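Q: Below, each chain spelled out in residue letters.
There are 4 protein chains.
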Amino acid sequence: MLMDSAEYRESLRRYQPRVFLNGQRVASVADEPLLAPGVAAVGVTYDFAHKLQYAELMTATQKTSGKLVNRMLHISEDSNDLLNKLEAVRLVCAESGCAQRYLSHDALNALFQSTWQTDELHGTDYHQRFLNYLHDVQDQDLTLGVAMTDAKGDRSLRPGQQANADVYVHIKERRADGIVISGTKAIVTGAPYMHEFLVMPCRTHRTEDADYAVACAVPIDATGVTIVARPAGRPGESAAKFSAKYGQSTGVVIFEDVFVPHDRVFLAGECEEGGFLTTSYATHHRHSCIGARAGFGDLLIGAGAMVTEANGLDPDRHGHIRDAMVDLITITEGFYACGVAASVYCQEDPAGVVMPDAVFSNIGKLLLANKIYDMHRLAHYVSGGMIVALPGPDEDHNPETAASLAAVLGGRQDIPADKRLEVARFIEDLTASHQGGWYSVISLHGGGSPEAMKREIWRNYPTYEKRELVERLLDRGVFDEGKRTSRQPGRCCARGCQAPESMAKP
Amino acid sequence: MLMDSAEYRESLRRYQPRVFLNGQRVASVADEPLLAPGVAAVGVTYDFAHKLQYAELMTATQKTSGKLVNRMLHISEDSNDLLNKLEAVRLVCAESGCAQRYLSHDALNALFQSTWQTDELHGTDYHQRFLNYLHDVQDQDLTLGVAMTDAKGDRSLRPGQQANADVYVHIKERRADGIVISGTKAIVTGAPYMHEFLVMPCRTHRTEDADYAVACAVPIDATGVTIVARPAGRPGESAAKFSAKYGQSTGVVIFEDVFVPHDRVFLAGECEEGGFLTTSYATHHRHSCIGARAGFGDLLIGAGAMVTEANGLDPDRHGHIRDAMVDLITITEGFYACGVAASVYCQEDPAGVVMPDAVFSNIGKLLLANKIYDMHRLAHYVSGGMIVALPGPDEDHNPETAASLAAVLGGRQDIPADKRLEVARFIEDLTASHQGGWYSVISLHGGGSPEAMKREIWRNYPTYEKRELVERLLDRGVFDEGKRTSRQPGRCCARGCQAPESMAKP
Amino acid sequence: MLMDSAEYRESLRRYQPRVFLNGQRVASVADEPLLAPGVAAVGVTYDFAHKLQYAELMTATQKTSGKLVNRMLHISEDSNDLLNKLEAVRLVCAESGCAQRYLSHDALNALFQSTWQTDELHGTDYHQRFLNYLHDVQDQDLTLGVAMTDAKGDRSLRPGQQANADVYVHIKERRADGIVISGTKAIVTGAPYMHEFLVMPCRTHRTEDADYAVACAVPIDATGVTIVARPAGRPGESAAKFSAKYGQSTGVVIFEDVFVPHDRVFLAGECEEGGFLTTSYATHHRHSCIGARAGFGDLLIGAGAMVTEANGLDPDRHGHIRDAMVDLITITEGFYACGVAASVYCQEDPAGVVMPDAVFSNIGKLLLANKIYDMHRLAHYVSGGMIVALPGPDEDHNPETAASLAAVLGGRQDIPADKRLEVARFIEDLTASHQGGWYSVISLHGGGSPEAMKREIWRNYPTYEKRELVERLLDRGVFDEGKRTSRQPGRCCARGCQAPESMAKP
Amino acid sequence: MLMDSAEYRESLRRYQPRVFLNGQRVASVADEPLLAPGVAAVGVTYDFAHKLQYAELMTATQKTSGKLVNRMLHISEDSNDLLNKLEAVRLVCAESGCAQRYLSHDALNALFQSTWQTDELHGTDYHQRFLNYLHDVQDQDLTLGVAMTDAKGDRSLRPGQQANADVYVHIKERRADGIVISGTKAIVTGAPYMHEFLVMPCRTHRTEDADYAVACAVPIDATGVTIVARPAGRPGESAAKFSAKYGQSTGVVIFEDVFVPHDRVFLAGECEEGGFLTTSYATHHRHSCIGARAGFGDLLIGAGAMVTEANGLDPDRHGHIRDAMVDLITITEGFYACGVAASVYCQEDPAGVVMPDAVFSNIGKLLLANKIYDMHRLAHYVSGGMIVALPGPDEDHNPETAASLAAVLGGRQDIPADKRLEVARFIEDLTASHQGGWYSVISLHGGGSPEAMKREIWRNYPTYEKRELVERLLDRGVFDEGKRTSRQPGRCCARGCQAPESMAKP
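Chains as they are written, first to last, in full-length UniProt numbering: chain A, 1 to 506; chain B, 1 to 506; chain C, 1 to 506; chain D, 1 to 506.
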């Protein structure tokens, strides 16, 4: 069953989560105006799955069940799946700013891998539990929130050293029928309007912190769960035509003695596999982030072209405007290309999932994390200074000023002033409002901070291959071309694959 | 008479400007809560003039009158004045975000120069009119808004070609006792809470557009003046401790048949001198912008150090945090150094005013224009992702969540959670709110867009000196070291000056 | 027949080109020590075609003939061909610095397209002539030089306006059996050791300059051809272990009344198609350049890892070294990813050739053009200052200093000083010698200067799609999802995802 | 006595240093062609001291002796001295590429400070010894090499842990009349043509490594000193008109049991003061480097303007060329401004020396270190690709090609081809030759690597002042404006403006 956005919104009524917003308890998430833009943004992923022209991007057949599912819930099986997912994420984020639901995909794929691997190493039965859960989620076409980033407390201390144990989510009690967890996840995207949370560790824990290596699924309204959220977008703000319609909420989620039955527990103390799960999720997610922010780039490029025209400028004659537009394109497509390359050079997991290439995924995310600020700069550059000076939309209906302003704030004569102001406000909304701030911070830190990406790039890069090359060129040692046993296991080219043993690939 | 901030606020009651804000007429600027942060920010320039430790920076003796005046109204006479002004602007902007009043200084200095020069060339009497006006402004310790950036309409057309003449301010009628002006200035900083506007042209106009070359002083409540403004800062927002206190309003100012008596007219059709006035103002103002944004840098550096500590991190141990802090410092002090150099290598005008060096001033402004976005990025980098996820301050008083949040959102144990949240919100306020957006756009476009700075750098740089050097090194032609008649007139070193004929200086 | 490098070198004896080097006529290109590194670098493309593990990358079946040919001479027919070509170029350039022969591929593919298109529009028979020529070149396994960049003279004037007509190559005479050409091509890569030159126009010419729109094949020793070349690499320099072995020569090629028979003429006055040929070549070539410079990146990454180790540093402990290595990787793989994406989103020409996506190809080339300098910087950063201070290799055999130097210039104890010096000199060779300068300038300007890429990016980017998106989000006009007639013809797979069904399958 | 360049060259005959170059012993430094460009570059500092128009920059009165001395040997006493020194260094380096002798200034100033401080703390008599030495050096107008960077061996080990003690210079024996030193200094600028070496430690050593904390003066031909050097510039290369005239040699200097009498010993085991000496030298030197590389920038700017013109381009019409020129100017003057600011905000040492501000000095050096690569890029950008393709100058005299090449390689018609080639070769010489590589590496690592500057910026920056500001704005604690006891001692003028009265008067 593939829901549409209306059905998704209705389905939220089945849950009674304890959500606080601006200090007030939310009575009904589905009806809360301050959350409506967030619900609408997720809704795009539902509606687009029903559009014929997006069928290949937005839906896929789940191999383990043979059923057609939403792309955001699908387990990727080959390079094409990754390319389709990447394009799908770009598509829904270009429509909504950030459709959020791709986090479900990223977490499900990582759990698919980690449960399989944990079973292999520990003889557990997590994978079958997970498969049952996955199929159920796909059948119901749910949206899952990712509860990963712990509150962390003093960042220089391990979980077990913290004064307050609840700054990290952990297993407080192990029962015959399940586990009891407590603790706080600090940044949960779209928290109030998810169906369930996938709780996952945010780092590799040491053996003495084994109780912190926990992964499980928790309905949003499970007893003991409290969500303290921020409004999604800029609901009700007349200056924010876009962010009043689409937005994103982030929330702190507090777990207090929450019971999780066994069939929803996917990791419970296996430290190493917890680290694998974290890294695997990070790789899938960084790959998705590339598509998401490229969609954001699409919005800026389109708006940049429109505001330029409304200002009476022509990129073909005004070189500095064209240069800025080309920079915007170069940034957007430059990091997007890393997402494409990560899809092409993907790696098949023994569990049957493909991982986007870790080096390309991390480079793409690293580039967008830093360059989102340049994107803001370039959008401001082409739009001119008026975006912070133009009167608010309340003025549009002020009989004492509206006519004068319309007369003088026009740009190119054939483009009415209100059309010019509208696109200027659109850029302000995306880049110079608190929503714009959200896009920048979430691009920088979402899916891990730049430092984490640098570590992953270094860890995964086949530096040894490059050394080997130079050593050979300097006539050092014997270069056994037929053997190359030092090759990292598992790095392959999923394109078919024409040249698995090629050294040219990273 | 040097007012303090309370007297300044009271003085605003003497004016009855026609101000609209969010579609409503403002009854009293002095009492309007939505403008209070703007009034408070300007107020800093008044209060600091009374602080003994800032006396040298914040006050100066006006040579033409022998009176002690506020630095923001002083005509700079030597290199020290420029350094003091630069430091003074940094000081008041580090306190208030942006104290706005330095624009008065920049316009007064430029008018001092342009009226003198216009008289020299045209035998007019603008300079004496201006001196009278200047002394009056200084005596009353006023704050003057700069009404320069015209609405412009279609940017590919000249003023006289526009469909609506009022997209540029122009002389509509010349009377025996003065002139009548009409038109719109689009971005006027602090418009509602100024005492007067200094109207100035924003470019060199052609002879056929001579009526657009107009400069004059207009009281804020002159008949025919309408101000459509935006709120200053984030008044009343509990999440915005800083911007609820200090902020900036920008406004569109519409002039409809405004009469200006002769003694307040400083340019009326002299096109070339209008261009000189624009450029001269731009140079003074770009120099001031450097100090202003360095003050903004001070706020980010201080907050960055505090949030790092609250997060439990130590720059001496966590190299990536130290690197980010050093980048923030390098950016801030790097462009500030250009302001210092512009002060040192200033140029004395025949009128007796010193101009900061145009090359260094434009480079400093160009650097800050682009790098403000990097400053935002670095502030976000050191603060971590929580700044967009943390619950709003309303939650602080929610009995159902306040205690839990306080317990889990703390960082370093000896720093209470509320102190950590407070500094995180401070950074959000400055960089990820609409106020943050304002700081970035105004840095990019305020005082002219980057393209304008590039043109000025190229126009003013003594490229010929460098060519001469290389030609001599390639044994071309005769290098007459004693003569160097090609030297640009007027470029000197105001430091005394030890080496006016040195080729080493730019 | 696939030659190996020895056969290639021997084959050069069949030609008697008029080559000058350092003011002297070269007696035999095959035996000239100053050209040997260039011959060796091209030779890599011959030898690697015989290595089993590179078979899929280095060879391919030419569809029009059914024969197995060297990848450097193959007409690309699908996305896989482009990926294989990209990897192949990276492979041979990682071995040789720059193997040069990929230019043959780029020109042949462009001529395949342009001759087909010219015939379509003008009813000419260029394409069949070209196919005959192509198969002959493939059968003989030749290497073709690209003679494209005219000397240009005064760059502000058109060809026909130049004082000396010979600053551009042009048709001087049209005969019954062929044409006579004259003029100068200024930068011809590998000129002295090519078998033939493919002469091509370097821009779209106007109708009045139709004689400058000429493309043809000319044997290197045709009567009237003079080559003035520079040495390849650093032959004989003991400090340059790598560049003494592999290098690149560039040459000025002067054509004086050179007769070209009809079967070797591929364009003769068709201006528009000349422009198409130029652009098409540029796109293929920029795609290849991405692979080439990624291979150069491989050398720096490998050497950087080695010198770090020899200096006794460990990237895992010294964060600033790791950061520099990660930057080097991020740059290299970042622009390489654009090559991958250009391959995936390729476009099939009606002639049956695939073009790499123009936007991604130009972005990749633009990135590498600017970032080659950062690559040099990073290589210097990790290697430390000693690379410019270390004594030359002559000192290694100086009995009075060799022992002392060996004793004190060692780094990590288990790595002998000579191994440390060797890798330091390798980096100096690639980045701080005239060879290093060559790599940087050729990266910046080879395949067109950055300005040309910016123009192509802007011209090819589907900006209209992004506008359409934003207009729809702002509720402007009707968005007919099924139609989208504004779609640019020929883009088979858009980043905007409107046509998933036609996505190039990786 | 102020020598001129001829006298300086002659004075070198008084020394018999043991110098090896390309594996050969140098018979006479003054007569060695391979060193002549280095001697000529230093000679500029002698000749310019005799030019009337540079008198104020190039000479100064030494306060401790009352004598007129060369600026390169003067102890700076106030802000003006620092500005004059900065301009003087720029002047001589714009003439010679790098005049090297400013290192003498930097070391003498640091030793002046450190000997004074060491005496204060340890009751030693180093300062008087040093003053005697200083006056003697000034009287003789010598040039002193700085022997500071030790060979270092394994960089992860302390000096005392190294397998070979001689990878660091150290005191091997303490005698009644002096000390005996051994060890290797790896990068000594201008080593072969110095009069004496100032040996100094390159870091703070621990107590157990006290013997490595040694500073002293050693004549270049002292018994036991061996210099292994590289040629200066590109002597004899016809393509290198500039670098054949002016260049720089760097050398490894090996000290084997060199006896140094007490009156030339300035530090002998005082570890802390050794660190102070290192840091102090670094600050003076980084300030000087700013001037030096600005002079290099002057050469590129001049050459860029010339080659643009020769190519027939006009920056006023070709925006991308103007942008590149403006970037080149912005980089050069941007870091130079840091040198100016460091001079203005200097700090007076208790010994009577002024130190340039450490923050600004380090920022300026950090900027130039990274941006030298951008300077190369921009010079290549404006000059076009021909600089690597143009035939060598040997071709100019080849009767078979010279005329043709002259005819076709011209650019703008009124500029002969040879003038165009000459300036293209000049740019190649400075940026794409091994000399160009030297400029880049020495800019990056000379005076310490970027990591060292970052540490110094962080260590010296008054971050606490910025914290205090923000804490006050957040209403934390009491802000005692009159007191501010936390003030760092010794900062005489703070950017934070607390002490306007003590501002260094420019």
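Everything labelled a hint here was simulated from the structure, so no lab data went into it. One thing to keep in mind: the hints can contain errors.
[Claimed, not checked] Using 16 Å as the maximum straight-line C-alpha spacing, the simulated EDC-like pairs for lysine to aspartate or glutamate come out as follows:
id, chain 1, residue 1, chain 2, residue 2
1, A, LYS419, C, ASP374
2, C, LYS245, A, ASP119
3, D, LYS245, B, ASP475
4, D, LYS245, D, ASP31
5, B, LYS419, D, ASP475
6, B, LYS245, D, ASP31
7, B, LYS172, B, ASP257
8, C, LYS241, A, ASP316
9, A, LYS241, C, GLU422
10, D, LYS419, B, ASP475
11, D, LYS241, B, ASP475
12, A, LYS419, C, GLU468
13, A, LYS245, C, ASP475
14, A, LYS419, C, GLU471
15, B, LYS419, D, GLU471
What you are looking at is a predicted structure, and each value in this text was computed from that prediction instead of being measured.
Q: Now tell me if each hint is right for this structure.
A: Verification of the supplied hints:
1. Simply put, LYS419/A and ASP374/C have alpha-carbon atoms about 43 Å apart, too far for the 16 Å limit, and the pair is violated.
2. Restraint check for LYS245/C and ASP119/A: not satisfied, since their Cα atoms lie roughly 54 Å apart, outside the 16 Å limit.
3. Under the criterion of a C-alpha separation no larger than 16 Å, the hint pairing LYS245/D with ASP475/B is consistent with the structure, at around 12 Å.
4. Distance hint between LYS245/D and ASP31/D is fulfilled; the C-alpha atoms sit about 14 Å from each other, no more than 16 Å.
5. At roughly 11 Å between alpha-carbon atoms, LYS419/B and ASP475/D fall within 16 Å of each other, so this suggested pair holds.
6. About 73 Å separates the Cα atoms of LYS245/B and ASP31/D, which puts this hinted pair outside 16 Å; it is violated.
7. A distance of roughly 7 Å separates the Cα atoms of LYS172/B and ASP257/B; the hinted pair therefore holds under the 16 Å criterion.
8. Distance hint between LYS241/C and ASP316/A is unfulfilled; the C-alpha atoms sit about 48 Å from each other, more than 16 Å.
9. Note on LYS241/A and GLU422/C: the hinted pairing is violated, with a Cα-Cα distance of about 63 Å set against a maximum of 16 Å.
10. For the hint pairing LYS419/D with ASP475/B, the CA-to-CA distance comes to about 11 Å; that is within 16 Å, so the pair holds.
11. Between the alpha carbons of LYS241/D and ASP475/B the distance comes to roughly 10 Å, so the proposed pair stays at or under 16 Å and holds.
12. Simply put, LYS419/A and GLU468/C have alpha-carbon atoms about 14 Å apart, close enough for the 16 Å limit, and the pair holds.
13. Using a Cα cut-off of 16 Å, the hinted pair LYS245/A and ASP475/C holds, with the two alpha carbons roughly 12 Å apart.
14. Proposed proximity of LYS419/A and GLU471/C is supported: the alpha carbons are some 10 Å apart, at most 16 Å.
15. Pair hint LYS419/B plus GLU471/D holds up; C-alpha atoms about 10 Å apart against a cutoff of 16 Å.
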